[in-house]
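One letter stands for each residue in the lines below.
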Amino acid sequence: MRDRPNAFELLDIARETLVQDILPHIPSERRYQIYMVANAIANAEREFRAGDVPLQAELERLRQIYGDSVDPPVADRLEDLLLSFNRRLARDIRAGRLDDERKHTVQEHLIETAKARVTETNPKFLDVAPVLTSQSTD
Amino acid sequence: MELNEAVIREPLRRFIAERSGATEVRIESLHRLGGGAVQEIWSIDANVDATPLGLVMKASSASAGVPDSITREQEFMVLRAAHTVGVTVPEPLWVCTDRTIIGRDFFIMREVKGVAAGHLLVRDSSLGDALVERLGRELAYIHSIYPNGSELDFLRRPQSTPAQHSIDRYRSWLSYMELPYPGLEWCLCWLDAHAPRAPFRLTLIHHDFRTGNYMVDAGKLTGILDWEFCEWGDIHEDIAWFCARCWRFGACDKEAGGIGSRETFYRSYEEASGRTIERDIIPYWEVMAHVRWATIAIQQGQRHCSGVDRSLELALTGRMTAELELQALLMVEEMSDA
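Chains as they are written, first to last, in the working numbering: chain A, 1 to 138; chain B, 139 to 476.
Don't take each hint at face value.
Claimed, not checked - Covered stretches of chain B, going by a simulated chain A footprint (3 or more residues, C-beta under 8 angstroms):
id, segment
1, 323-334
2, 426-436
3, 449-456
Derived from the structure by calculation, the hints contain no laboratory data. Computed from a predicted structure; not experimentally measured. Just so you know, even glycine gets a beta-carbon here, dropped at the ideal spot from N, CA and C.
Bound-form chain B, shown alone (with noise of 0.2 angstroms):
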């Protein structure tokens, strides 16, 4: 069931008051953001002691979230320390677990203005290759988190190597569906046969850095958003998820997001890190991305087709697998005639 507006009016209105040590606190405006098939976004237009503040709540899910989606407290966590080491993000502000406020748990950030929705930003041609190089220094920023000592101990990580890890973990989803996925099963065994051997450092990634996965406002980035994929893995991984071309949103001759420039973006990205991007194991990731993408898409179809979820735009994503599997399938029969 959705947050109800008028029930959760009061309760967040006092969390803000009691957080931010106000004496008074108005909320002006309440209402839920689009997008967010999965959490609850929800805009709060707050008086604080007579000054405006724009915030941003987001909630858990009431129903079981997607597998590997970490906590709103843990998220709240990751966001924090992105902002910490220079990533734009949207200020984290309050985290709440307890769960007699609004019924679930939630945390709230600074609100940031501007357009996140992919179809929209692939078509504004001023963006290009500005946005591209900037985004590659962003994704160098959270590439410069590293597991020992950190605070986000708690993230997982890979068993084995960040690879073998994730195909063993979409093969045992494909083992829980209801239908069988033979063409997937088919690039899983060639992701198996090629995996990277190369020894790597493990790293924070986002796991879902993306276009539709940011805000630009007037042609600058205002800030990267959902954070509730990351975990510990490999650079190449986040990197070839966002040049993949399941995520250019039609712009497909733009191979960086459906923004710009492949190689601006790996230059960029070098610069910023000082890291060199092995650009022969980009193609192995780019396939990973589309199983990982089509594996999502069909428990997405099925959260609506159960009736746990049911919405028009999850029906979709669960048609969109079978475009995800053949561009998959088309890769690795390219790569294994080569």
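The shape of chain A in the complex, shown without the other chains (with noise of 0.2 angstroms):
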């Protein structure tokens, strides 16, 4: 067992520090290195939040596009797991392999492993109503 705080408490008394206590301190030319520096603690603690959850459900979703049998033999760790789907899943839309059944799925797939990454290094983004193509086809 490791001591209290952890990791991320530790990260974020390290951010407040810095936002609260030293921000006011330095020059306004400078400051923009400090949220900088914020925003890369914050990025990192939002990481270790959500642990290997978001990597999992990923995971679970590559499974049920390609089936288990397609597990390459060599990967053991949910990296590399992720790693040797996310290629093949690459190599099969660029190449057009994917049939019309499998492209929803896929499209779904894409966008919800695309949010579990906003959701870590930017939530902001997803706050606001996404402004897409308002000027294109109404």
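Each chain sits in its own coordinate frame; assemble them with the hints.
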């Protein structure tokens, strides 16, 4: 067992100290850098908190697309499994090898996967109603 | 390695004296400016024959640059061509390809005052549609330069259509990435299947015309910057790049660069250029914009991770890939359902 505070509790207080205590003393032309550091810490913290959960969900969806039989034999670590599945998916998409039936599932999977990553990298992005192709075809 | 102020000071002074023909040149101050994650940009406060002269030097990066970037000598020529047709740019003065001077290629332009930072400009509510109108006109002037007989013959021109050329390019970049990007591959397939077939006229495109790459001082535009990606292409790519959500710096409701209204931008561009913007094709190019920015973001993250250019800014740019990919995927989904 490790001691408390744990890793993300530490990151949390490091970021808070940076923004609340240090930032006011930083000349305005360098504040941008402090925001970047705070942003990097928050990014890492969210990834820590999410842990393997989004990766497991991604793997589950990839297995539904490809079935269990295609597991690359060498891969047993989660990251390696995801990497081989995603390489295969990227190749199949580029080569146009997906049948119409699987296309819809794949599109949903890709959007889910991107959303899960954005939840960690920039959750505010998901708050704004997507401004899409307002001027296109309506 | 960064350029060293003490080392380049005297060679630059002599270079300025030689090119300006002045008898006495002093350098009052010389310092690197922020921004320019790839190139180095330096501010030079010179005194030329007892007259103060504010200058800016842009030098090539020590490491290999971003793919697609033109050389400093070429950028200088583009800047001169743009200046000639009336685009508001920092006046280009002298170019140097002799690497014995400071060890890199560089050019010097007249300094322009103002703010370029996108996150500051989108918060300035005094700018709005007046600035957007001006930017529409500026882009129209840029698009008045054509390849035939142009001294900019060296610029890249698409082998096929501009859209197909972009698709091929981003696919080849993705092939060399350390990680696979099925989401971006998905968008590229859609872009491939929906590529515009209408005839187009090859035109000079800036290729990075967006908030963050122009300077504003006291509410007025003072210069369009960062010409290193320009090439011959389709006007709609520039227009969509300017309007794409990824360049609104959070001011998402202001569709023209986070500054003002899209329709104002379009109208001002159309009036100044005499061309008609094909409105139906802009969403296509906005998907392309997000895919392009995503592939560049991946490369910037890699520049950091590989140790070529360690920087927090590049590292964070790498983390932006997810939201760029998501935006492109959502746009593709919406247009596929329509």
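Right, here's what the structure says about each hint:
Remark: the segment 323-334 of chain B is confirmed as covered by chain A, as 4 of its residues place a Cβ nearer than 8 angstroms to a Cβ of that chain, reaching the required three. Chain A is given as covering the segment 426-436 of chain B, and this is violated because 0 residues of the stretch bring a CB closer than 8 angstroms to a CB of that chain, at least three being needed. Residues of the segment 449-456 of chain B lying with their CB closer than 8 angstroms to a CB of chain A number 4, which satisfies the three-residue condition for coverage.
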